[in-house]
Amino acid sequence: MVECICSFGEETMENTVKEEFELPMPAGLLLPHRAPMLLVDSLQECNSERAVVLARLPEKGIFFAGDQFLPEFFVELIAQAAALQNGFIALSAGKPLHDGMLVGLEDFSLNKNGHGGERLRVVVEKTFEFGAISFLKGEVFSNEDLLATGNLKVWEDLKKP
59 MVECICSFGE ETMENTVKEE FELPMPAGLL LPHRAPMLLV DSLQECNSER AVVLARLPEK
119 GIFFAGDQFL PEFFVELIAQ AAALQNGFIA LSAGKPLHDG MLVGLEDFSL NKNGHGGERL
179 RVVVEKTFEF GAISFLKGEV FSNEDLLATG NLKVWEDLKK P
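Whatever position you read off the sequence shown (first residue = 1), add 58 for my numbering.
There's no promise every hint is true.
Claimed, not checked - Label pairs and their in silico Cβ distance ranges:
1. P84 <-> K153: 12 to 22 Å
2. F188 <-> A93: 30 to 40 Å
3. D125 <-> F188: 37 to 47 Å
Since the hints were made in silico from the structure, they are not lab data. The C-beta atom is built at its ideal place from N, Cα and C for all residues, glycine as well.
Use the sequences and the hints to build the structure in full.
The structure is reproduced here in structure tokens:
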């Protein structure tokens with residue numbers, strides 16, 4: 059069950075959302091992406107501050123340069139994890155899913171490259187939210203090895219119904 063806390067001036071009202079959605083949830087239910095651009099598999103854990111997503115490194119595809127994954131692959135993993143988090147929160151609150159996009163990247167570091175077939179865990183934590191813009195920290199792990207980390211700024215089109 060997802061809890062929604064709404065603020066009205068100085069008063070705060072806490073509601074428990076009527077809909078209950080089970081996790082894990084397949085990524086394809088929340089994202090418009092399809093292969094080869096759907097890079098994440100499922101949303102495992104989610105609340106308004108943090109989400110955990112699973113993915114698998116592909117054996118081949120558009121994100122390779124020689125035998126290495128391009129850094130952009132890991133950036134996109136984090137961005138898709140953030141989109142899953144936003145989508146799940148919206149769905150759980152009975153709100154429509156919104157389009158969004160990555161609009162900024164800071165302090166990105168690719169510590170280690172992965173190998174095709176490896177199972178990945180992507181963790182995103184919202185650090186700040188202002189209207190349609192969210193700032194988040196993302197980390198990509200293979201087992202306990204930190205492969206990549208970065209701070210993303212994402213925009214969500216809240217004007218669309």
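> Which of the numbered hints are not met once you compare them with the structure shown?
Replying inline: none
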